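Enquirer: Sequence:
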Amino acid sequence: MHFSKILLISAGAITTGLAQGFMVPTPWSVQKINIGNIRHGTGGFWSFNLIDTPTPAPQGLNVTCSYNSRTTYRFAIDGAPIEQPCSGNPNVTFSLYPAGDHFTFNITHLYGNCGTADSPSPCNDNGTWRFSRDDVLGQEFDVQNNFGQSGSFNRDSISMYPKRAILSLKCEFC
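Quick note, the sequence shown lines up with residues -19 to -1, 1 to 155 if you use mature numbering (1 follows the signal peptide of the UniProt record, and there is no 0).
It is possible that part of the hints are untrue.
[To be verified] Label pairs and their calculated CB-CB ranges:
1. Tyr142 - Arg114: 42 to 52 Å
2. Asp99 - Tyr54: 41 to 51 Å
3. Ala80 - Cys155: 18 to 28 Å
4. Lys13 - Arg55: 19 to 29 Å
5. Leu150 - Arg55: 18 to 28 Å
6. Ser102 - Pro6: 30 to 40 Å
7. Asn135 - Thr97: 14 to 24 Å
In case anyone wonders, no lab produced these hints; they're calculated from the structure. Note that the structure is a prediction, hence the values are computed from the model and not measured. Note that the Cβ used here is the ideal one computed from N, Cα and C, for glycine as well.
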């Protein structure tokens, strides 16, 4: 009887220890990334959903971000968003712009206080992703219409691992 209790306690301790060993960083799930326009000179739009779970609030979030530019002439090039606040949460900003041979997609989330009582400063989580220039603009060249170039770029989902001010972990095999 005592031996089985000892085995049970030991098994529980080992299981807990193993679960702690499989803690991994929690990524941002960036879903439904979309860039598009109808034709040259008609403006453009950018949108995506950002989900950070199981990270608790205020660091964790679930927000939709979108941006429209009437000044966009060339698809994904003109009027690209630079540090634009998300409509669902102004503490989340994003950029998605051409940079040499690629497009840079950057998301920043400011929340809470990571400073001191005398010198408060927000916590800053920041993630960056690179799409190839051909990946984004190649879709434009595939879509022609009688009114000029139209373009679109879509991604169902990416997992972005941000640099976090406060570590967020999840159990991989629990």
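Enquirer: Quick check: does the Cβ-Cβ distance between alanine 80 and cysteine 155 fall within 18 to 28 Å?
Expert: Between alanine 80 and cysteine 155, where Cβ atoms are some 39 Å apart, the hint is violated.
Enquirer: With 14 to 24 Å as the target window, see if asparagine 135 and threonine 97 comply at their CB atoms.
Expert: With a Cβ separation near 44 Å, asparagine 135 and threonine 97 fall outside 14 to 24 Å, so the hint is violated.
Enquirer: Look at the Cβ atoms of aspartate 99 and tyrosine 54 and judge whether their distance stays inside 41 to 51 Å.
Expert: holds (49 Å)
Enquirer: Is the hinted range of 42 to 52 Å satisfied by the C-beta distance from tyrosine 142 to arginine 114?
Expert: The hint (42 to 52 Å, Cβ to Cβ) is violated, given that tyrosine 142 and arginine 114 are roughly 23 Å apart.
Enquirer: If I claimed the Cβ atoms of serine 102 and proline 6 lie 30 to 40 Å apart, would that claim hold in this structure?
Expert: Since serine 102 and proline 6 have Cβ atoms about 23 Å apart, the given range 30 to 40 Å is violated.
Enquirer: Tell me if the beta carbons of lysine 13 and arginine 55 are separated by a distance inside 19 to 29 Å.
Expert: holds (23 Å)
Enquirer: May I ask you to test the hint 18 to 28 Å on the CB atoms belonging to leucine 150 and arginine 55?
Expert: The hinted range 18 to 28 Å is violated for leucine 150 and arginine 55, with Cβ atoms some 42 Å apart.
Hint compliance for this structure: hints 1, 3, 5, 6, 7 are not met, and every other hint is.
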